[in-house]
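For this one, chain A is given, so just place chain B on it according to the hints.
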Amino acid sequence: MALRDLFRRRRAADPLPGGPEGVRIRVRPHNIPAAEREGRVFPGPLWWGLFLAAGFYVAAHLSIIWGVWPVHGISPGAGGTLVRDALALVGWLLVLLALRRLGYRGAWAVVVLPVLIFSLTRPAQFQAFTDPAYQATGTRRAEANHAKATRSRLSTIDRAYSEERKAAVYQGPPPPLPDPFARAVRREAEARGAIGRWLTYFPVFIAPLALLVGYLVSHEPSTLRWVRDHRLIPFIPVLGLFFVLTLFFTRAGKVGGTTPWELFLPLFVVTWAATLADDAYNLARPGEVMQKQRLLSLFLYGAAPVLPFLIIRELGLSVVLAGSLAAMLLVGTRRAWWGALMLAVWGVLVVIAFNVDPRSATRLELAYDPYKDLSTLAPAEQEAWAAKLHQMKLFDANVVTGGLLGQGPGRGHGETAPNAADDGYITLIAAQWGWVGAMTLVLLYTFFVVQLLAVAVRERSAFERTLVTGVAMLLGIPFWLATLGGVRVIPLTGVATAFAAHGGAKLLASAFAVGLVAGISHRRVEEERLEGALAPPPVEPENEGVRVR
Amino acid sequence: MLDTLLNWVLRAAVLLFAAGTLLALFRWLAQAFREKRERWPVRIALGMLLLAVVYGAGHARLLMQAEELNEGRLKYARFGDPRMAEINRAEVRGWILDCTGRDDRALARYGVREGEVERVYALGEGGANLVGGGEDAELRDYTVERLHASQLRRPLDFSEAGELHPAGTDLQLTLCAEPTLQAWSLLQQSGRPGAVVVQEVTTGALVAYAATGTAEQPPLGIKRYLIPGSVFKLALSAIWWENSMGDREMPCPAQIQVTPTRAIRNFESHAYPSLEVPREMLIVSCNTQAIAMFFEMRQRLGVQAVADALRSYGFLPYSDDRPTEGAEPFWNTGSAAWERRMTPPPNAVRILNRFDRFEWGQIAIGQGPVDVTPVGVSRFLQAIGNAGEMLPVTLERERLARVPPGRRIMSTETTIKLMEAMRGVVDEGTAVSVKPRLEGLQWGLGGKTGTADVRRGQRPDGWFAGLIFGPDDRPKYTVVVYLDQAGQGGRLPAAIAAGMVRFFAGWDPGPAGAEAQPEEAG
Chain A
1 MALRDLFRRR RAADPLPGGP EGVRIRVRPH NIPAAEREGR VFPGPLWWGL
51 FLAAGFYVAA HLSIIWGVWP VHGISPGAGG TLVRDALALV GWLLVLLALR
101 RLGYRGAWAV VVLPVLIFSL TRPAQFQAFT DPAYQATGTR RAEANHAKAT
151 RSRLSTIDRA YSEERKAAVY QGPPPPLPDP FARAVRREAE ARGAIGRWLT
201 YFPVFIAPLA LLVGYLVSHE PSTLRWVRDH RLIPFIPVLG LFFVLTLFFT
251 RAGKVGGTTP WELFLPLFVV TWAATLADDA YNLARPGEVM QKQRLLSLFL
301 YGAAPVLPFL IIRELGLSVV LAGSLAAMLL VGTRRAWWGA LMLAVWGVLV
351 VIAFNVDPRS ATRLELAYDP YKDLSTLAPA EQEAWAAKLH QMKLFDANVV
401 TGGLLGQGPG RGHGETAPNA ADDGYITLIA AQWGWVGAMT LVLLYTFFVV
451 QLLAVAVRER SAFERTLVTG VAMLLGIPFW LATLGGVRVI PLTGVATAFA
501 AHGGAKLLAS AFAVGLVAGI SHRRVEEERL EGALAPPPVE PENEGVRVR
Chain B
550 MLDTLLNWVL RAAVLLFAAG TLLALFRWLA QAFREKRERW PVRIALGMLL
600 LAVVYGAGHA RLLMQAEELN EGRLKYARFG DPRMAEINRA EVRGWILDCT
650 GRDDRALARY GVREGEVERV YALGEGGANL VGGGEDAELR DYTVERLHAS
700 QLRRPLDFSE AGELHPAGTD LQLTLCAEPT LQAWSLLQQS GRPGAVVVQE
750 VTTGALVAYA ATGTAEQPPL GIKRYLIPGS VFKLALSAIW WENSMGDREM
800 PCPAQIQVTP TRAIRNFESH AYPSLEVPRE MLIVSCNTQA IAMFFEMRQR
850 LGVQAVADAL RSYGFLPYSD DRPTEGAEPF WNTGSAAWER RMTPPPNAVR
900 ILNRFDRFEW GQIAIGQGPV DVTPVGVSRF LQAIGNAGEM LPVTLERERL
950 ARVPPGRRIM STETTIKLME AMRGVVDEGT AVSVKPRLEG LQWGLGGKTG
1000 TADVRRGQRP DGWFAGLIFG PDDRPKYTVV VYLDQAGQGG RLPAAIAAGM
1050 VRFFAGWDPG PAGAEAQPEE AG
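Protein chains in written order, with my numbering: chain A, 1 to 549; chain B, 550 to 1071.
Extracted from the complex, chain A is given alone in its bound form:
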C-alpha cells in the first residue's frame, strides 16, 4: 500500500455498497461520479508539495544535526527541541489524515499550505533554538559566543587539516573542545522557569490540534451561529480581560514573556463579522452610519479591541487588528469609499505615530537611514544610536550573507542577530536559503493568503465571507509587516508571523483561525453539492434544422 493511500478516504480495495444482494462489487475511481469525488481526493500538486516539504523538513533537520551541532555545540534542551519538532510534523500529518477521515471536502490548500510553510521555515528556527548562544543574554551571551567560536575553529581544524598541519598548529597535544554552553545557558533557562519553557514547547505540537478544533467548531453552522447571535457573551469578558492584562500585567509589551492577546484576535474577528453581517446594508449607506446606535456598535466591536494595543504602544498589532477589521468592512459593505476613508485615517494615524511616538520615529530612521555618519554625532549619541542599530545591522548582515541561494540549512550565522527567529525571521531564512528561499516563502505565504481569500470569494453568506476575509488579513498583515520590515522596505514593527516565525500564542490562534476557515470552506462545498444534487437535470438542447445525409 502506498503511503499516499493513507490520505484517501476509501481505498480502492474497499467494497462499495450496492449491486445485487450477496455480490460484492467494486467501483473503479474513474467511474465514481464527479459530484461524489469533488473535494474528497487530496489534490495531486498539494500531495507532492506535502511530500517534498516533509522530506525537506527531515533532511534539513538532519543536516543541522550533522553539520552544525558538532561545530557549534548545542544548547541544553536541544534534544527536547528535536523531539518537539518531530512530534509537530507528525501532528500536522495526523491532522490532515484526521480531516480526510472526517470527510473534509473544503479547500485542501487552506490546511496544507500552513504545513508547507511550517516545514520550510521550522529548520531555521530549530537551528536558532538549539544554538548554544541564541537564548543567552548579556555577558553570558558573549561568553557562550566566545566558546562557540573556539569550538568551531578547533573542530574545523580537526576535520579539514592534514596530520602534518595539525601538528604545525598545535605543536603538541590539541587543546580540548570547550563545552561551557551548558553552564552559560542553563542559568538562563532556569531563570525562565518551568512554565516559560513549557509555553515555548507546548504550542508547537498543540497547534495541529487547534486547527482541528477550529474545523470542528465551524464545519457545522450551529456554533458560529450561536456566537453570532450572542456575541456580547464571549466578547465582553474577553475584551475586559484584554484591558486588565494590558493595563496591569504588561511589561515591555508582554505578559510573562508571552502575548496572550493573540488568542483573543479570532474572537474579535468573529464578533466584528457578525456585526457587519447583521448591519451590512446600513453600513453601506453613509447617511445611516451616523446613527447613534450604529456608531456605538462600530466603536464597541470595531475600535475598542484596538485600544489596548495603543495603551501598551504595540503599534504593529494595532495595525494588524485595525487593518483586518477594515478589510472586513470593505468586503462586508462592498463600498470603495470605506476603503478610501480607512486609508485616509490610517495615513493620518501613521503620521501622528511617527511624529509623536519616539519609538516609532526611531524605527522609521532605522529602516531608511540606519548607518548614520558617526562624525555627525556626539559620543553619547553614537553609543545610543549604535545600541538601537544593533539588531538591524545584523539583520542586514543576514540578508547579505545569504546572497542568492543562501548558505544552507543552519548555516550563515543568522542566529547571531537578536530575535532572528521572530522579528527577523525572514533574514534568518535569507541567510540560510538566500533570495530564492525568501522569495519562495513569500510566494508560498502569498498563495496561502490568496487561498484564504479564495474561500471568501466563494462564500455567499456575508457573515462567513467577512469572517474568512478577516482571518486572511489576520494572517496576511503581520506576515507583510514582519517580512517587509526585515528587509527595511517598511519600519520593523515586531509582530510575529504565524507558522513561519517563533511565537506560541500566535501559532495557536492562527491554527485555530485556519481551522475555522477550513470548516466554512467544507460547508460551502457540501452546500454546493447538495444544490447540485437537487437541481433539475440539464436540458439537452433540441437539434434544429434538417440533417442532410
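Zero decoy hints are in this set.
Computed spacing ranges between beta-carbons, pair by pair: (1) A:VAL244 with B:LEU554: 48 to 58 Å; (2) A:ASP158 with B:LEU565: 33 to 43 Å; (3) B:GLY629 with A:LEU94: 44 to 54 Å; (4) A:LEU377 with B:GLN580: 50 to 60 Å; (5) A:PHE249 with B:ARG627: 37 to 47 Å; (6) B:PRO878 with A:ASP158: 34 to 44 Å; (7) B:GLN580 with A:GLY403: 28 to 38 Å.
From the structure, some residues in chain A lie toward chain B, with a derived Cβ separation under 7 Å: (8) PHE56; (9) ALA60; (10) TRP66; (11) GLY67; (12) THR150; (13) SER152; (14) ILE157; (15) TYR170; (16) PRO175; (17) LEU330; (18) TYR371; (19) ALA386; (20) HIS413; (21) VAL457; (22) THR469; (23) LEU484.
Think of the hints as simulated: they come from the structure by calculation, not from any bench.
Just so it is clear, CB atoms sit at the ideal spot from N, CA and C, and this is done for glycine as well.
Here is chain B on its own, set in the frame of chain A:
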C-alpha cells in the same frame, strides 16, 4: 561530502517549491479573472501579489548594496558586532604562505596561544602593513589578509563548501619571509621610518617588502608619494643614451645659474673639472651636469620627446592635474580588490606648458615637481635589470605562471650602460662607503643614491635605488631603500641595501623556494 550534496539537494527543493507556487499563483489568477465572483477579496489578493513583488525588489536592493552595508557595519563594529566577532574567532581561513610554500615559514597561519587557536603572523609588525596582523590588525585594510579575504575564505574543496565554517584556501605569495624579516630588521636598526622593496628582475615578483607605518596609514612603500632626489638621474641618463647623445666629457661646476636670479648647487658644492656624462655624472651624482644635460636634451630632442620617454619609463608627465592612475595595470593580480586598493599612484613629473628654467632644472635632479613611490621606482629598476623589459609587479605566486609579456622601455645597450654606472656608484661613487660590507661576497650591488631636500631646515630624505647582482654577475633583484630624514642616500639607505646583498648571498630558500625562482616563472 554527503552534507554538501544534501545542502544542494535542499536548495533544489526550495527552487521546486518556488516554481510550483508561481505556477499555482498564475493558475489561480487566470481562474479568478475568468470567474464572475466577489471582486473585493480578489482585489486584496492582487494587492498581496504586488507586495510579493515589492518584497523581491526590496531584498534584491539590499543584495546590490552589499558593499555599502558592509561598510556601514564596519563603521559600527567598535560598538559590538557578535557576528563579526564570531566569524573572526571561529573561521579557519587559508594560510598565507611565503615564496617557499613551507608551512613552517607561513606568513599567516594558525597556532596555539594560551590554550586558544589564533591567527599567527610570522612577520609581526614587519608584515603588518602588507600581509596583515600586527597591532590594531582589525583596522588595517591595505593588507593581503583583508583584500584577498575572499580567496582565503573560499572553501578548500567541494566537501568543505557545505560546512558551517569551511576551511579556507591557502594563498601563496612571492614574498619571502626571511628576506622580509631581514629588511624589517635593517629598517628597525636604522631607527628611521622608511621602506625597503625587493623585486625579482626577471619576473617582477615582489620578494621582500618592509615598511613602517601605523594601522591608519596606507603602506608607505606603495601608496605614499615621495621626492626621489638624484635617483631620478637614472631616467635622465636613460633618455640621453636612448637618443644616442653620446658619452662625452663635460665640466661639473659647483653651481649652475639656471635663471638670472636662481642657481642650483651640487651637494656640499663639490666640483669636478671634467666628467664623462652620463656615466660619471651618475657615479658622483653631479647636479650641475645633470641640469646641463637636461637643458641640452630639451633643446635637441624637444619637450615632447622627453615627456614621451618619461611616460614610457613609468613617470607620467602632466601640466595641470597630477594623474591618478597609470596607463597599464601595475599589478599582475587576480584580485580586483587588490588592484583597486593597492595600485600605487603613478610616478609623475610636472612639465609646465610654459617653460620655466628653474623648474626644468629641478626636474633634472629629481626635486620639486617629481613624485614617485618606492615600489614605482623598483619597477623602473626591474626593467633596467631585465634588459629593458618592464613587467607588472606580482605578489600572488600562482600569477607567476601568467606574467604578461613585458613592455620594452629601453634598449639592452642602454641598460648595460646604466648598470655599469650603477655598479660604479658603489665601487667608487656616492655609495662607496658600503663597499667594504660587500667584500668577499660573490654577490654584487649597483645603484643610485638620492638625497631629497623635502623640508627646509631638516635633514634630507635618503634613497638607494639599486640592483643586486648574483654570483653569475647578472642582476637578480632590485633593491629600493627609502629612509625619512636619514641624510645622504649613500649612507644608511645604501648600508641597508648592502645588508640585503649580504643576506641574499647566504640565503638558502630551500627546494620549494628555489622552484619559485626565475626558471619556472619566466
